[in-house]
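Chains C and S, in that order, give the protein sequences.
Sequential numbering from 1 applies to the first sequence in UniProt numbering.
Sequential numbering from 1 applies to the second sequence in UniProt numbering.
Hint data in this document are derived by calculation from the structure and do not stem from the laboratory.
As the structure is a computational prediction, the values presented were derived from the model and not from experiment.
Incorrect hints may have been included.
It does not matter which identical chain is used: a pair holds within one copy or between any two.
What the hints assert, rightly or not - Mimicking DSSO-like on lysine-lysine, the simulated pairs with C-alpha atoms at most 27 Å apart in a straight line are:
#1 LYS311 - LYS99
#2 LYS132 - LYS91
#3 LYS354 - LYS99
#4 LYS162 - LYS285
2 protein chains.
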Amino acid sequence: MVITNQGVRIVFENNQTCYTPQEELFTRIERLQGHLLTAGMQAALIVQNADLFYFSGTCQDAHLLIPARGEPLLMVRKNYERALEESALDKIIAVQSYKDIGRSIAGSLKNRGGIGLELDVLPANLFFRYKKMLEPLEIIDVSGAIREIRMIKSPYEIECMKECIRVTSEMYNEVPNLLKEGMTEIELSSRLELLMRVKGNQGNPRLRAFNQEAPPHVLSGRNSAYPSFFDGPTGGAGLSPAFPQGPGFKTIGRNEPILVDFSAVINGYVVDHTRIFSIGPLSDKLVEAHNTALEIKRRFIQEIKPGANGKDFYDMAVNMAEKAGLSSHFMGSGVHFVGHGLGLELDELPVIAKNHHVTLQSGMVLALEPKFVFPGEGTVGVEDTFVLTESGLEQLNMLDDSIKIL
Amino acid sequence: MVITNQGVRIVFENNQTCYTPQEELFTRIERLQGHLLTAGMQAALIVQNADLFYFSGTCQDAHLLIPARGEPLLMVRKNYERALEESALDKIIAVQSYKDIGRSIAGSLKNRGGIGLELDVLPANLFFRYKKMLEPLEIIDVSGAIREIRMIKSPYEIECMKECIRVTSEMYNEVPNLLKEGMTEIELSSRLELLMRVKGNQGNPRLRAFNQEAPPHVLSGRNSAYPSFFDGPTGGAGLSPAFPQGPGFKTIGRNEPILVDFSAVINGYVVDHTRIFSIGPLSDKLVEAHNTALEIKRRFIQEIKPGANGKDFYDMAVNMAEKAGLSSHFMGSGVHFVGHGLGLELDELPVIAKNHHVTLQSGMVLALEPKFVFPGEGTVGVEDTFVLTESGLEQLNMLDDSIKIL
Numbered sequence: 001m002v003i004t005n006q007g008v009r010i011v012f013e014n015n016q017t018c019y020t021p022q023e024e025l026f027t028r029i030e031r032l033q034g035h036l037l038t039a040g041m042q043a044a045l046i047v048q049n050a051d052l053f054y055f056s057g058t059c060q061d062a063h064l065l066i067p068a069r070g071e072p073l074l075m076v077r078k079n080y081e082r083a084l085e086e087s088a089l090d091k092i093i094a095v096q097s098y099k100d101i102g103r104s105i106a107g108s109l110k111n112r113g114g115i116g117l118e119l120d121v122l123p124a125n126l127f128f129r130y131k132k133m134l135e136p137l138e139i140i141d142v143s144g145a146i147r148e149i150r151m152i153k154s155p156y157e158i159e160c161m162k163e164c165i166r167v168t169s170e171m172y173n174e175v176p177n178l179l180k181e182g183m184t185e186i187e188l189s190s191r192l193e194l195l196m197r198v199k200g201n202q203g204n205p206r207l208r209a210f211n212q213e214a215p216p217h218v219l220s221g222r223n224s225a226y227p228s229f230f231d232g233p234t235g236g237a238g239l240s241p242a243f244p245q246g247p248g249f250k251t252i253g254r255n256e257p258i259l260v261d262f263s264a265v266i267n268g269y270v271v272d273h274t275r276i277f278s279i280g281p282l283s284d285k286l287v288e289a290h291n292t293a294l295e296i297k298r299r300f301i302q303e304i305k306p307g308a309n310g311k312d313f314y315d316m317a318v319n320m321a322e323k324a325g326l327s328s329h330f331m332g333s334g335v336h337f338v339g340h341g342l343g344l345e346l347d348e349l350p351v352i353a354k355n356h357h358v359t360l361q362s363g364m365v366l367a368l369e370p371k372f373v374f375p376g377e378g379t380v381g382v383e384d385t386f387v388l389t390e391s392g393l394e395q396l397n398m399l400d401d402s403i404k405i406l
Numbered sequence: 001m002v003i004t005n006q007g008v009r010i011v012f013e014n015n016q017t018c019y020t021p022q023e024e025l026f027t028r029i030e031r032l033q034g035h036l037l038t039a040g041m042q043a044a045l046i047v048q049n050a051d052l053f054y055f056s057g058t059c060q061d062a063h064l065l066i067p068a069r070g071e072p073l074l075m076v077r078k079n080y081e082r083a084l085e086e087s088a089l090d091k092i093i094a095v096q097s098y099k100d101i102g103r104s105i106a107g108s109l110k111n112r113g114g115i116g117l118e119l120d121v122l123p124a125n126l127f128f129r130y131k132k133m134l135e136p137l138e139i140i141d142v143s144g145a146i147r148e149i150r151m152i153k154s155p156y157e158i159e160c161m162k163e164c165i166r167v168t169s170e171m172y173n174e175v176p177n178l179l180k181e182g183m184t185e186i187e188l189s190s191r192l193e194l195l196m197r198v199k200g201n202q203g204n205p206r207l208r209a210f211n212q213e214a215p216p217h218v219l220s221g222r223n224s225a226y227p228s229f230f231d232g233p234t235g236g237a238g239l240s241p242a243f244p245q246g247p248g249f250k251t252i253g254r255n256e257p258i259l260v261d262f263s264a265v266i267n268g269y270v271v272d273h274t275r276i277f278s279i280g281p282l283s284d285k286l287v288e289a290h291n292t293a294l295e296i297k298r299r300f301i302q303e304i305k306p307g308a309n310g311k312d313f314y315d316m317a318v319n320m321a322e323k324a325g326l327s328s329h330f331m332g333s334g335v336h337f338v339g340h341g342l343g344l345e346l347d348e349l350p351v352i353a354k355n356h357h358v359t360l361q362s363g364m365v366l367a368l369e370p371k372f373v374f375p376g377e378g379t380v381g382v383e384d385t386f387v388l389t390e391s392g393l394e395q396l397n398m399l400d401d402s403i404k405i406l
């Protein structure tokens with residue numbers, strides 16, 4: 001896929017790099033403007049890198065002012081020339097300081113009314129600085145609206161995510177060739193990371209939640225059932241108490257589940273999969289639990305449609321786990337979701353979770369991950385990224401989802 | 001180096017993992033308590049992962065309450081058992097919710113006075129939540145004090161950083177074996193990353209500043225002089241507009257500087273180096289600029305002592321660049337520093353920068369990086385991590401700093 005921003009010089013030397021098309025940016029901005037008008041706000045000021053990239057096509061050090069009506073203004077501190085190349089917006093100016101930004105905003109807006117900031121990610125001290133800079137405007141949290149807009153992916157974004165699927169699938173197909181008994185988790189992970197990195201993987205995905213980090217979950221046996229601070233079913237020992245998540249120095253043995261749960265991040269977009277490998281067969285208990293996870297996945301594919309309530313599918317999965325006598329193992333201790341949105345960040349909306357009402361919509365991209373965690377033994381199950389269309393879930397990858405026994 | 005926390009079960013299977021010793025934690029906490037007493041605050045509440053690890057030895061999902069007098073209380077949401085293993089603090093309790101945390105804090109503190117939060121990193125919405133939870137206590141920013149405490153490293157921390165130097169130096173020594181004409185920057189970077197990753201590199205270093213990211217700067221020729229949003233002399237093309245920093249798909253050619261500027265992160269600690277490589281000789285202009293950078297480094301080593309003002313060394317470097325006719329190339333356009341602190345984060349205090357008065361102290365660890373940026377051609381120069389002792393700067397690595405011509 002080569003998508004260029006017409007009239008803009010392409011400086012990257014591979015043919016996978018894509019500039020976000022102007023029409024795409026305008027559609028996104030109009031959706032936010034619709035929200036601003038409904039909420040009676042006069043503008044939003046976007047600064048966080050994923051949001052900034054989404055609405056402007058660049059994540060240089062910049063502030064994007066989106067008025068409720070009219071043209072957005074991108075104010076770039078560093079690097080202005082690159083922002084000009086990367087962004088298809090029309091009004092792009094260079095600024096030196098917060099004073100410049102304040103002046104430009106004051107020149108664009110009325111002296112009263114509300115202005116939206118991303119209060120879920122903006123550090124408190126920056127919030128105080130913006131508050132002072134924007135006085136007497138009232139600051140309103142616009143992060144909920146931004147996250148709801150970003151939740152619905154365009155065909156362009158789904159194409160971006162398919163590129164990501166392609167690179168990630170190649171990695172999964174190489175696992176059987178690289179996995180050897182006696183190697184450490186970190187060695188297997190490193191070698192898998194290399195495969196995707198040379199193809200343009202930018203590294204660990206961006207996360208919106210404070211303090212969260214998402215290293216590859218390449219975990220074996222008991223470590224795949226070792227919980228961590230991460231809000232997910234698996235954690236892993238990690239490399240040290242300073243980084244207590246993901247692969248560690250445990251050696252990979254026979255007859256234990258080897259969980260591979262990570263993905264490339266290409267052109268900003270991430271997908272999410274899990275597949276289970278094993279050197280020699282696993283116990284019947286683990287195999288049956290894996291099969292239950294696959295049944296849950298099949299039922300998701302049959303039943304999830306636009307208009308349905310996300311909560312019902314969490315309940316459905318819990319009921320199926322219960323019938324299989326596995327409810328205490330479902331998703332691990334204290335984890336009450338079975339799916340999540342993703343895109344430019346790993347932790348996007350919606351969440352398919354306990355007691356969480358959400359109307360599913362066409363254009364949502366979901367990672368659904370029914371898993372069963374057996375402390376001391378390991379985790380089995382599956383994760384795939386789906387796009388929800390009018391006719392139902394479309395699985396983006398073509399990977400076999402059974403346990404791969406080597 | 002094997003440092004264990006007596007009486008605590010070791011679950012990691014390599015012998016490099018270290019638990020922060022209790023005495024080390026107590027000394028750090030006492031320094032913060034000294035600040036709280038002086039400032040008339042009754043406590044600090046620590047939540048950010050690097051700070052939490054520094055003061056408690058764990059970065060599970062937890063809140064650490066440090067009262068101005070008496071024993072700290074670690075309240076752990078997820079994972080409690082791991083926090084018990086990792087932290088050498090005595091009072092560690094499990095909590096389920098913010099309500100639990102609020103109750104525990106209310107039970108520990110007087111109903112009035114100030115409480116310190118990390119307002120430089122805490123998202124605004126979390127700040128509002130804590131404000132409500134802590135009412136009627138007054139919330140005060142304690143991040144400045146925390147950063148000043150963390151700025152002075154203990155002998156234990158310097159040992160940790162030396163482990164990091166060891167792994168990083170092995171990687172630098174392999175560059176001549178891996179570097180080939182015609183390979184892409186991202187391929188060279190990937191292969192170098194693999195070497196450190198299998199030895200326990202946790203990935204890109206943590207950064208404190210909002211929106212900043214630090215992928216490896218493995219950059220060649222003009223890309224090594226291509227600025228980005230990153231607050232440093234080099235940027236790099238990156239992989240796409242969504243990730244416009246670090247190595248890209250440019251192929252590495254002959255007679256251009258190849259800059260390698262990255263480091264392992266081991267047991268939470270990062271160091272920072274830059275070395276220049278080249279396939280075939282570089283122009284006299286670039287070689288002379290590199291030699292000027294080395295002269296600046298030698299003068300730093302001769303003259304930086306505890307008690308001196310950091311600003312003077314920025315000025316000294318600028319003057320030396322000017323005498324060499326290189327002032328417009330020094331550190332690249334719009335970048336006005338030549339050194340920075342580092343440890344658990346890459347962007348620690350102090351900063352050696354223009355007009356920035358700071359008294360240098362024994363125990364500081366500094367990355368000093370005199371560099372010259374030639375747009376369209378490349379960047380040359382050097383970066384090393386030093387510890388400042390009573391007798392002056394001690395360079396932590398033993399790497400040759402001349403341009404390595406292959």
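Each hint tested on the structure:
When the C-alpha separation of LYS311 and LYS99 is checked against a cutoff of 27 Å, the pair qualifies only between copies, where the shortest distance is 25 Å, while the shortest distance within a copy is 47 Å. Taking the shortest Cα distances, LYS132 and LYS91 sit within 27 Å of each other inside one copy (25 Å), while across copies they are farther apart (40 Å). With identical chains, the CA atoms of LYS354 and LYS99 are at most 27 Å apart between copies only, with a shortest distance of 20 Å across copies and 46 Å within one. For the homomeric pair LYS162 and LYS285, neither the shortest alpha-carbon distance inside one copy (34 Å) nor that between copies (46 Å) is at most 27 Å.
When the structure is compared with the earlier hints, a violation turns up for hint 4 alone.
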